[in-house]
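Engineer: Sequence:
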Amino acid sequence: MVRSPRSQQLLLAGFAVLIAVSAAAFVATASAQLAWHERDAIGIDATEYRLDGGDNPTVTVTMTVSNPTTAAVTVRPSAVIVYDGRVSEATELTVPRTARAPNGDRTVPAGGTATVTVVADIESGMVDRTAAAIESGDALVSGTFSVTIGERSASVDV
11 MVRSPRSQQL
21 LLAGFAVLIA
31 VSAAAFVATA
41 SAQLAWHERD
51 AIGIDATEYR
61 LDGGDNPTVT
71 VTMTVSNPTT
81 AAVTVRPSAV
91 IVYDGRVSEA
101 TELTVPRTAR
111 APNGDRTVPA
121 GGTATVTVVA
131 DIESGMVDRT
141 AAAIESGDAL
151 VSGTFSVTIG
161 ERSASVDV
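The numbering used here puts the first residue of the sequence shown at 11, with every later residue one more than the last.
To be clear, the hints were calculated from the coordinates, so they are not data collected in a lab. Some hints here could point you the wrong way.
Okay, the calculated beta carbon distance ranges per label pair [said to hold, decoys possible]:
id: 1; residue 1: ARG107; residue 2: GLY135; range: 16 to 22 Å
id: 2; residue 1: ARG16; residue 2: ALA51; range: 20 to 26 Å
id: 3; residue 1: ASP65; residue 2: ARG162; range: 38 to 44 Å
id: 4; residue 1: ALA120; residue 2: PRO15; range: 24 to 30 Å
Remember, it's a predicted structure, so these values are computed and weren't measured experimentally. A virtual CB, placed ideally from N, CA and C, is assigned to each residue, including glycine.
Throw the hints in and build the complete structure from the sequences for me.
Structural biologist: Dropping the structure here:
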């Protein structure tokens with residue numbers, strides 16, 4: 011079968027488009043996979059603590075999330091507790107499993123940083139101790155954040 015130069019050109023163009031689409035899909039998949047393997051490099055640090063008293067006292071923690079990976083990540087607090095000086099059940103200042111992000115999940119761009127605000131409830135009897143820990147610089151946050159990269163999720167320790 012003899013092919014005309016026109017059909018050969020169309021076949022070549024179709025093949026070039028197929029290669030370009032495949033390469034783009036490979037790059038996107040490889041980038042997300044590389045970011046997934048780098049997820050432990052994501053840093054989450056508390057930068058500010060604020061006590062909000064009243065009938066339902068809370069502590070607000072401003073946290074900086076640094077994302078050195080090659081893909082955007084979405085973060086949200088999953089189990090964050092504020093402690094007085096060291097991590098132990100006796101020094102818990104906030105009520106476990108009450109931490110929440112009032113502004114919702116936060117997406118951090120590849121190679122970027124973002125600020126996440128976390129609010130946790132405090133039992134009314136712990137307000138003075140929490141205020142003292144914040145004022146003295148002894149307040150400490152510990153726990154995990156849920157991190158989503160592409161379609162995959164994991165936990166990152168704080």
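Engineer: Each hint should be assessed against the structure and marked as holding or not.
Structural biologist: For each hint, the structure was consulted:
{"no.": "1", "hint": "ARG107 with GLY135: 16 to 22 Å", "verdict": "19 Å, holds"}
{"no.": "2", "hint": "ARG16 with ALA51: 20 to 26 Å", "verdict": "53 Å, violated"}
{"no.": "3", "hint": "ASP65 with ARG162: 38 to 44 Å", "verdict": "41 Å, holds"}
{"no.": "4", "hint": "ALA120 with PRO15: 24 to 30 Å", "verdict": "45 Å, violated"}
When held up to the earlier numbered hints, the structure conflicts with 2 and 4 and fits the remainder.
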